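Asker: Below, each chain spelled out in residue letters.
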Amino acid sequence: MSMDLRTITIEPLRQTFGHLARRMGADKPASRYMEGTMDLQPVENYHYRPTWDPSHDIFDPTRTRVTMKDWYALKDPRQFFYGAWTLARGRMQETATADFDLAEEMGLAAGYPADGKAVVNQVLLPLRHVAWGSNINNSYIAAYSYGIAISQATAYACMDQLGIAQFITRLAISLDEIDALAEAKQAWLKAPAWQGLRHYIEDQMVMDDWFELFVAQNFALEGLLFPLIYDKLNDRLNAAHGPVMTLLTRFQREWYAENVKWVDAVLKAAAADNPANKALLGEWIRAARQRSIEVLTPVAELGFGAEGAAVLDEVVQQLDARAAKAGIPL
Amino acid sequence: MDMKVAKKLGLKERYTMMTRDLAWDTTFQPMDKVFPQVGYEGIKIHDWDKWEDPFRLTMDAYWKYQAEKERKLYAILDAFNQNNGHLSVTDARYINVLKLFLGSTPPLELMAARGFSMVARQMVGAGPRVACMMQSVDEYRHFQTQIHSISNYNRFYNGLDEFAHQQSRMWYLSDGKSFFDDAITAGPFEFMVAIGFAFEYVLTNILFVPFISGAAYNGDMAAMTVGFSAQSDEARHMTLGLECIKFMLEQDPDNLPIVQRWIDKWTWRGTRKLASVGMMMDYMLPKRIMSFKEAWEIYFEQNGTALFTDLARYGIKVPKCFEQTIEEKEHITHQSWIGFYMKPDATPFHTWMPQPEELDWLSEKYPNTFDKYYRPVYEYWIEQEKAGNRFNNKTQPMNCQVCVSTIKFNEPGDPMEMCFRETEYKGEKFHFCSDHCKEIFEDEPEKYVQTFISSHAALQGKCEPEGTDVNAHDYRPGARMHAYWRMDKRASGDFNGSEDQKNFAKWRAQATRN
Ligand SMILES: [Fe+2]
Ligand SMILES: [Fe+2]
Ligand SMILES: [Zn+2]
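Line by line, the protein sequences give chains A and B. Going left to right, the first sequence walks through residues 1 to 330 as our numbering numbers them. Going left to right, the second sequence walks through residues 1 to 514 as our numbering numbers them.
To be clear, the hints were calculated from the coordinates, so they are not data collected in a lab. Small disclaimer: the values here were computed from a predicted structure and weren't measured. Hints are supplied without guarantee of correctness; some may be wrong.
[To be verified] Cross-link-like lysine-lysine pairs, in silico, DSS-like; alpha carbons within 30 Å at most:
| no. | chain 1 | residue 1 | chain 2 | residue 2 |
| --- | --- | --- | --- | --- |
| 1 | B | Lys8 | A | Lys185 |
| 2 | A | Lys261 | B | Lys50 |
| 3 | A | Lys185 | B | Lys506 |
| 4 | B | Lys506 | A | Lys28 |
| 5 | A | Lys190 | B | Lys50 |
| 6 | A | Lys261 | B | Lys64 |
| 7 | B | Lys69 | A | Lys117 |
| 8 | A | Lys185 | B | Lys50 |
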């Protein structure tokens, strides 16, 4: 049914919902991110305690040792509600797919030099399992964290990591190295160079405190791994074999550059809330940073040989700088 | 290149590489510590690899489709809002459907989002994990697009502005809240039966078809577009729910009695929850699509019968409540509307008496019951209203300890008698709306003694607005419910004479004048 309406201007009774007006301190229009995020998780009058965790409420701020005066301070600077997130990813996958198509059509992928393929097979392909680990860990945070600001962003991160695992898989298919995926999985499960990292990721899977897991997985481990692989190793492969790898790993690089803005904003907001948080985050970062360095050292050696330690050190400095910028002394 | 790849990897094989091949069995940490919740409900799974992926969607394709849908959806919403689309709805009574919907549905979509995140974390198999996490973000989508589509109405009409505050406080929203709280506090498999199967598969059409078609029939392009856009997601959700049932039943014969009990329980709980949806169809849509009874016959009786015939090969029987719901379909919407009409001060939406031709429509759609039981009540109230005596019941209702609905439904086989059950547990009496709710309680009393019933909690001083001084000499527990709800006076009472009614009439006249 449609109706012919003249354009008229009506004075609205109010600009936004009550909970948003109170939050903003004024009745003014709110963004779609705010409308779909702020103050929407139930906080009271739960009917039942979880049968799987009777010592907590369904949503319970004490599932982490971090405390917040306002859990929605952990907001996403990208303002990703579902629509904004999926539109951003839609564009990114379109570009990435076009790059894959180009590399495949021009024979650049299948024709990638054997030396280069060997490095990719050894160092890059096992990372699809690392992404899967991150997917599991982010689904934990999405499930048990407090407030929609953090739960939705980690739910999206969880899907992003699945996407990354799939783009790595697709890379192997493009390079015509399907069998290498099985070998890479074996390496992930058995080869000494990967066992430290696998051990760490499995330890993360049983971490109880979701915020500690956020720090370990999203800040420390990824904060070292992504620059190590998608900047440093990529540069090295490009220098030796031309810029094909840049095309085939575009999604991950673009994703990381954007994702750190969110991760850092979350840490910064939590650290700014109170000194106890700041100290706790510092403690968690130091531990996760140390363990990440240990487990990534053999991976860096796989990729960079004798220079592995030095390259890793460069990315560690980037991480330290990020912590400092978030206001967390190490 | 694509051709060559296609030769090497079939679609199914490719999808396997893209999903389950990513997973591994942990060895540094034991699997039962990594996935601690899959055992305690008694469901036995021997081989997660037997899971059949109900759909195969890699993330690139997912993002591509979903982005296309979002682009269209928000373009339509923007245009609708810019052109004062709200003035094209049939009449201002329709907006009360949105008030009921905004309070009851997006908050539950959010619970579905969180619940599916939980199940996605807990399932051992990569197949179900991926499907559940995709559903989790879909549910964020529904939750947000629903809010976004109604947000503009909030600028012009009363009663929508405090839905976030009211979601956990408002008495009539607590049936839905208890439904999802119940599911999310159950284990992962029961959650899948509750939400993935009973809600998404058995009952979702009765929730969405009336809402979407109702929006379309009544000129609400915004809500209609949101609804249609969600349907392709729902198609995936339905296949996931069904696959999960089949998977459990195929894995071990011991799973059958557990799954059957859950199906019985959740079909009943869902049915109770849908009474208010039916009421919307029969009473609140100015232009009706079909009666609730007709919808129930198509979407529950016919489709349900086909579904349960299909599941019979696993030993699954039609839910226990099936017969009772067939009897009740002739009554519950009338009893619900009467229940709401009687409490004009206690809802942030308006109620009203049906107009004469609407009474005739109800007579025609409910030939067995309407004229006999309900028309006389309405005719009496219409008389009373004309005499300046609009009915207003201020007493506290009694609520069912399981489904939390006001005890108002009739005794099976006797429409004149209210159905009422009670049981004693640890020296305390508990009340129920039906045998089914009583049985659910008795299966898990430790869980259901916890139910939050606002009419009881209020008397215990648990429903006080922020800043209440419980030591004040004139403090009486539960005396300030309107403040506790943040209820805008303008939003309550009869539709006739309401600010919404006047404003809509005025604005529509301005917009249609030549
Ligand atoms: Fe949904
Ligand atoms: Fe759904
Ligand atoms: Zn009940």
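Asker: So, for every hint listed, does it hold in this structure?
Answerer: Now the hints, each set against the structure:
no.: 1; hint: B:Lys8 / A:Lys185; result: holds, 19 Å
no.: 2; hint: A:Lys261 / B:Lys50; result: violated, 40 Å
no.: 3; hint: A:Lys185 / B:Lys506; result: violated, 69 Å
no.: 4; hint: B:Lys506 / A:Lys28; result: holds, 24 Å
no.: 5; hint: A:Lys190 / B:Lys50; result: holds, 26 Å
no.: 6; hint: A:Lys261 / B:Lys64; result: holds, 24 Å
no.: 7; hint: B:Lys69 / A:Lys117; result: violated, 38 Å
no.: 8; hint: A:Lys185 / B:Lys50; result: holds, 21 Å
Violated hints, listed in ascending order, are 2, 3, 7; each of the other numbered hints is respected by the structure.
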